[in-house]
Amino acid sequence: MLLYTARRLLAVVGVVWAMSLLVFAVVHLLPGSVAHMILGEYATAEAVATLETRLGLNDPLWLQYWRWFSGLLRGDFGASLTMDRPVAPLVFQALGRSATLGGLALALVAGIGIALGIHSAVHQGSVADRALTLAQYVFIAVPEFFWCILAILCFAAWLGWLPATGFAPVSEAGVLGWARHLVLPVVALTLGLIAHVSRMVRSSMLEALESRYVLAARAKGMPERLVLWRHALPNALLPAITVLAVDAGILIGGIVVVETVFSFPGLGRLLVYAIEHHDLPLLLAGMIVVTTVYALANLVADLLYGALNPRIRHGGTAA
Amino acid sequence: MLTRRAALASPFVLSALSRAHAQAGGGTLRIACTASLSQLDPAKTTIAEEYLWCNLAFNGLTRIRPDLSVEPELAESWTWSDDLKTWTFKLRQGVKFHHGREMTSEDVAASYRRILDPALVSPVRTNYAMIEGIDTPDAHTVVFRLAYPYGGFADILADRQAKIVPHDALNFTQAPSGTGPFRFARYTPGDRLVVVRNPDYWEGAPRLEQVELRVMPEMAARLAGLRAGDIDIVWELNPEDIKSLRDNAALRVESVATASWDAAIMNNSIAPFNDARVRRAFHLAVDKRDVVEVVLFGEGSPTHSPIPPSHPFFAADVPFNRADPAAARRLLAQAGHPNGVKVPLVIPVGRPVRERLGVTLQQLARPAGFDIEIQRVPFARYSAEVSGKAPLYIDGYFARPTLDTATHPFLHSAGSWNARLWKYSNPKVDQALDAARLTGDAAQQKPHYLAMQRALAEDPCGYFAYAVNFAVAYRKQVQGVATHPMRWFDLRQAYLA
Numbered sequence: 001m002l003l004y005t006a007r008r009l010l011a012v013v014g015v016v017w018a019m020s021l022l023v024f025a026v027v028h029l030l031p032g033s034v035a036h037m038i039l040g041e042y043a044t045a046e047a048v049a050t051l052e053t054r055l056g057l058n059d060p061l062w063l064q065y066w067r068w069f070s071g072l073l074r075g076d077f078g079a080s081l082t083m084d085r086p087v088a089p090l091v092f093q094a095l096g097r098s099a100t101l102g103g104l105a106l107a108l109v110a111g112i113g114i115a116l117g118i119h120s121a122v123h124q125g126s127v128a129d130r131a132l133t134l135a136q137y138v139f140i141a142v143p144e145f146f147w148c149i150l151a152i153l154c155f156a157a158w159l160g161w162l163p164a165t166g167f168a169p170v171s172e173a174g175v176l177g178w179a180r181h182l183v184l185p186v187v188a189l190t191l192g193l194i195a196h197v198s199r200m201v202r203s204s205m206l207e208a209l210e211s212r213y214v215l216a217a218r219a220k221g222m223p224e225r226l227v228l229w230r231h232a233l234p235n236a237l238l239p240a241i242t243v244l245a246v247d248a249g250i251l252i253g254g255i256v257v258v259e260t261v262f263s264f265p266g267l268g269r270l271l272v273y274a275i276e277h278h279d280l281p282l283l284l285a286g287m288i289v290v291t292t293v294y295a296l297a298n299l300v301a302d303l304l305y306g307a308l309n310p311r312i313r314h315g316g317t318a319a
Numbered sequence: 001m002l003t004r005r006a007a008l009a010s011p012f013v014l015s016a017l018s019r020a021h022a023q024a025g026g027g028t029l030r031i032a033c034t035a036s037l038s039q040l041d042p043a044k045t046t047i048a049e050e051y052l053w054c055n056l057a058f059n060g061l062t063r064i065r066p067d068l069s070v071e072p073e074l075a076e077s078w079t080w081s082d083d084l085k086t087w088t089f090k091l092r093q094g095v096k097f098h099h100g101r102e103m104t105s106e107d108v109a110a111s112y113r114r115i116l117d118p119a120l121v122s123p124v125r126t127n128y129a130m131i132e133g134i135d136t137p138d139a140h141t142v143v144f145r146l147a148y149p150y151g152g153f154a155d156i157l158a159d160r161q162a163k164i165v166p167h168d169a170l171n172f173t174q175a176p177s178g179t180g181p182f183r184f185a186r187y188t189p190g191d192r193l194v195v196v197r198n199p200d201y202w203e204g205a206p207r208l209e210q211v212e213l214r215v216m217p218e219m220a221a222r223l224a225g226l227r228a229g230d231i232d233i234v235w236e237l238n239p240e241d242i243k244s245l246r247d248n249a250a251l252r253v254e255s256v257a258t259a260s261w262d263a264a265i266m267n268n269s270i271a272p273f274n275d276a277r278v279r280r281a282f283h284l285a286v287d288k289r290d291v292v293e294v295v296l297f298g299e300g301s302p303t304h305s306p307i308p309p310s311h312p313f314f315a316a317d318v319p320f321n322r323a324d325p326a327a328a329r330r331l332l333a334q335a336g337h338p339n340g341v342k343v344p345l346v347i348p349v350g351r352p353v354r355e356r357l358g359v360t361l362q363q364l365a366r367p368a369g370f371d372i373e374i375q376r377v378p379f380a381r382y383s384a385e386v387s388g389k390a391p392l393y394i395d396g397y398f399a400r401p402t403l404d405t406a407t408h409p410f411l412h413s414a415g416s417w418n419a420r421l422w423k424y425s426n427p428k429v430d431q432a433l434d435a436a437r438l439t440g441d442a443a444q445q446k447p448h449y450l451a452m453q454r455a456l457a458e459d460p461c462g463y464f465a466y467a468v469n470f471a472v473a474y475r476k477q478v479q480g481v482a483t484h485p486m487r488w489f490d491l492r493q494a495y496l497a
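Those protein sequences? They're chains S and V, same order as listed. In terms of the working numbering, the first sequence opens at residue 1 and continues consecutively. In terms of the working numbering, the second sequence opens at residue 1 and continues consecutively.
Read the hints as simulated data drawn from the structure, not as lab findings. Do not take every clue at face value.
Take a look, some chain S residues computed to stay more than 12 Å from chain V by CB distance [as the list claims (entries may be wrong)]:
no.: 1; residue: Leu30
no.: 2; residue: Ala94
no.: 3; residue: Leu108
no.: 4; residue: Tyr273
Here are the simulated distance ranges between beta carbons [as the list claims (entries may be wrong)]:
no.: 5; chain 1: V; residue 1: Ala175; chain 2: S; residue 2: Gly160; range: 34 to 42 Å
no.: 6; chain 1: V; residue 1: Ala249; chain 2: S; residue 2: Ala141; range: 49 to 57 Å
no.: 7; chain 1: V; residue 1: Arg65; chain 2: S; residue 2: Tyr137; range: 55 to 63 Å
no.: 8; chain 1: V; residue 1: Gly26; chain 2: S; residue 2: Ala141; range: 46 to 54 Å
no.: 9; chain 1: V; residue 1: Pro118; chain 2: S; residue 2: Asp59; range: 18 to 26 Å
no.: 10; chain 1: S; residue 1: Leu296; chain 2: V; residue 2: Arg101; range: 45 to 53 Å
Using N, Cα and C, we set each Cβ at its ideal position, and we do this for glycine too.
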């Protein structure tokens, strides 16, 4: 198990490194340059050329990559080209805020998604189940930005119950104000994913309920509550874990949209800024963090899967 | 026992009262911004949000008034030599930087030397290329020696990047220091920039306690915040949103004329617009007043050149013609196009107002025989693929701080922007623009700029459609703010009622 975890961690490092090469290459393929972004719309060709030389943008690509990579090996993420400030605090502060948003969302998705899935499986065919199925289709099909705008128009502009922005520092707004700001973005972020997870749990729960071991449990006169919680649920949850790990990735994508619409100063918007401005050190640092988070989420899911499913654990080298 | 009168007369109560008065209308003003500020160093700023910061925390030697004329700011007065090559500025005394030191001529000289330093790569460096040397004969006098006569020199010192910064304290990311009405408090990139009242401001402390620039990329969120009262000012309103905002009793919408213009850029070196008659025919085909109604919902005004109708030097005697398709067709026939002309028009994807301008011109010019085919190109690819290459494209330019910088580079045959845009050459226009540079006195510049506009109307370089308005929505309690046509807010007198 330890060896397996160590091997997987090494693979994460490899994935992150490959990603950095990919991002580096893609940014150089994009039209325009950071010098144009720094100097603005009215830059003279001469000023652009001077700045490109100063930033070392005319050096061979391998040298530019090595400059960045050797800095990274020393633990130095470099400085943002457009903001003239170190990248590390920018990225980690944004990560902290995004992690709050993403963590809350993921917790809600896991809790509510699983609960709803179980409920509709147990009450299959009921009105509640059918209503939920309809809602699931709607929430899976309609993209986040629609819910974001709708939530802002409805709860912020029309009813005035909640703020239209997603972030207020605790130091200024207090804990209650901070939490009030988080409500709409978290809800917008979770709607689609709750639908997704509850759908999966419902079908795997239905499958479990029709299995032979549930039949056996019922036949020996076990109370229905125990049948559900001891026999059906642990088996039905296995696919949910995989789905949650995948959803962690979808969540990272969704956060970009939600952060933009709700003016939330998180990692997603920092990445958008970095791409728009061709700010390579900022983009690379942000992407390293995102890739690592995603890879680790998958690793945790796999380990959890093993812990819950003895067949995989004893099989040794799954995945 | 203390009587009421005695209480009022006692010095303690009096000082308490005056303190209370100074704080009336204080509080925090929250301004929604679209983009996150990248730079807090004025010399490196390039976007409207950054200019807003520049004007809150810093001063220049001169400043632009809301009528676009220039007045003294940190300079008290100035004189120029007869050859317009030596400009002497007397500085205001007793002006203090936010970190407490008094501003002197050395700071002024250092601020301009910074901008001129190629290593800083300031986006406006070339605007000050005429400066040959800067002398500081005493602590309150600065002398600029120019390489060539330049009558508009005091005007270009009012530009957004030309702010006076302390020569010995240039920590712009952590502790920027200027002489402006507000001091830096804190900045979280992507979230908010907070500035607080400068109690020692040389024009008197502002009434607002604090100003926050909140970064909110989405217009729907900005407007919702405004309606809910979380935000006090939303600026750069879309023309189509203005009417519903005007109907809201809690809000006040101000729409002021600016010198920012949009145009159909015609390449004078490529057919069919290399023929002046075709360019004139286009002007006969489309009434600019119709364009303003359709494209801007009326929030702008037709213009002949980069000089907007709101400027005192606008040639009000040059008429805008009514659409006359028949006359346009006759002129096109004279130019060798009896069956009209077919021409592609490039419009910038991602600039909705300019896209609308393109489509509007396509429709309005059709009866006159202009068969326009729209080509959509992302704005990011414009400088590489469109500028200087396409025969006809839609583009626009943000207001320049002075008449010379707004006109000479764009319309003079040797102008840098002209070489990129229309490649236009008109001796009368050249002559007028050159003559305007040769006087430091605004009144003497006026006839030359009027002559330039008349010459341009007779032989247009392209289709200057309009000068756009700068539209801002305020919550009603925000008072004392001047909406500035250079797209910022003068908050020195602002307060919350």
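Results for each hint:
Residue placement check: Leu30(S) does not keep its beta carbon more than 12 Å from all beta carbons of chain V (closest about 9 Å). A beta-carbon of chain V comes within 12 Å of the beta-carbon of Ala94(S); the shortest separation is about 7 Å. Remark: the non-interface label on Leu108(S) is consistent with the geometry, its nearest Cβ contact in chain V lying 22 Å away (cut-off 12 Å). Listed as outside the interface, Tyr273(S) is inconsistent with that label: its C-beta sits roughly 6 Å from the nearest C-beta of chain V, within the 12 Å cut-off.
About 38 Å separates the C-beta atoms of Ala175(V) and Gly160(S), a value consistent with the hinted range of 34 to 42 Å. Between Ala249(V) and Ala141(S) the Cβ separation comes to about 39 Å, which falls outside the hinted range of 49 to 57 Å. Checked against the given bound of 55 to 63 Å, the beta carbons of Arg65(V) and Tyr137(S), roughly 60 Å apart, stay inside it. Look at Gly26(V) against Ala141(S): about 50 Å separates their beta carbons, and that is inside 46 to 54 Å.
A hinted range of 18 to 26 Å for the beta carbons of Pro118(V) and Asp59(S) is consistent with their spacing of about 19 Å. Separation of Leu296(S) from Arg101(V) is about 51 Å and conforms to the stated range, judged on CB atoms against 45 to 53 Å.
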